[in-house]
Amino acid sequence: MASSTTGEKKILTLKGGDNEEFILEESLVLQSELLKNMVKEERVSSIPLPSIKSKTLVKIIEYLKKHAELTPSNKEEFKNFEKEFVNVVLEELLDITVAVNYLKINGLLEFCCQAVADRIKDKSVEAVRKIFRIESDFTPEEESEFRKETPEAFEGDLDDTTN
Amino acid sequence: MTRKGKGKRKGKKRNQAIEKKPRWLELPEVIWMDILQRLGAVGMMLTAEKVCTMWRRLCKDPSMWRVINMDNCCDTYLVSYFKAQEMCRRAVDRSQGELVDINMDYFATDELLAYVAERSGKLKRLGIACCYDMVRKDLVEAVQKFPLLEELSLTHTTITTEGIEALRHSCPRLKSFDVNNNSCFMCLVWYPDY
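These protein sequence lines are chains A and B, in that order.
Each residue of the first sequence is one higher than the one before, starting from 1 at the first, in UniProt numbering.
Each residue of the second sequence is one higher than the one before, starting from 1 at the first, in UniProt numbering.
Hints listed in this document are in silico derivations from the structure and should not be mistaken for laboratory results.
Among the hints, a few may not be true.
Partial list, derived from the structure: chain B residues whose beta carbon lies under 10 Å from chain A [stated by the list, open to error]: (1) L27; (2) I35; (3) R38; (4) A48; (5) M54.
For every residue, glycine included, the Cβ atom is placed at its ideal position computed from N, Cα and C.
Based on the provided sequences and hints, a complete structural model is requested.
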């Protein structure tokens, strides 16, 4: 019945921010709600994604491939892959999270949110500010009040900027 | 030299502002709410809300406090029971009556549960673990104030068979009631009398 579609795999081109092109099977990108809608409604074969760096796109495509191969028997292997996937410098993790949010890949977004939260967990206020490059916009009065209220939240972990 | 340096820095700063806006600002607030919520009640109150005004505003949104998870907070964040109780009250206040799910380990008392009960008519799930000083009568009284309660979990408490029966009768909507009165290893160390 569907002989014309069974053997044939649709191919799609994604164009990263630096104009690098990625050719992949259309079925892979259906994990992204945004791309799925573009493919289904507009029947495009090439999608420009100027806001996403090629480096980030490579990572995301790698995830989509692994996720598509996920079966009950390689669950452990996939978990290890996920762990490694977010084991990158914070800036890169945030790049991936921003892109995944834009592409609407829901499962991966949740995983990225947890990974970002893990970078905040157990760190002092100053350490969080430092690694996220957040400048305090509290008044000096508020700031000193926080320090008085919970001095322990401002102590320790200051050198933890490796991630 | 100083002037030159100043000028240079000025130019650099402007470029940085254009090219290098901190990446975290590119995530929408709703995603930040998701991230911050994963820090749990204590993580939000102790650290996150003191980082910047945006995080503080998000951490004070009542929707962030529909679930209050304070399990293991005394171990993880090394806060005293007294401080945990105080934080729990504050967390309940912030939920503005929208609380649906709460977990309390170690630090729950009858007074604290009464405080939660007075303010949380929409509660659907209550979890209490490793709390040995709660009186059955008070527990039943508090639980009666949660008319929508569907799940109740009591782990390592001193609840009796009678108490379990009384609790079961007090919650018409209860779908799941877990009781585990086995001794908890950590509690045997801390409360050898129980």
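Here is how each hint holds up against the structure:
1. L27: 6 Å, holds
2. I35: For I35(B), the interface hint holds, since the closest Cβ of chain A sits about 5 Å away, which is under 10 Å.
3. R38: Since chain A brings a Cβ to about 4 Å from R38(B), closer than 10 Å, the hint holds.
4. A48: Check passed: Cβ of A48(B) comes within 7 Å of chain A, closer than 10 Å.
5. M54: Holds: closest Cβ of chain A sits about 8 Å from M54(B), inside 10 Å.
Hint compliance for this structure: no hint is broken.
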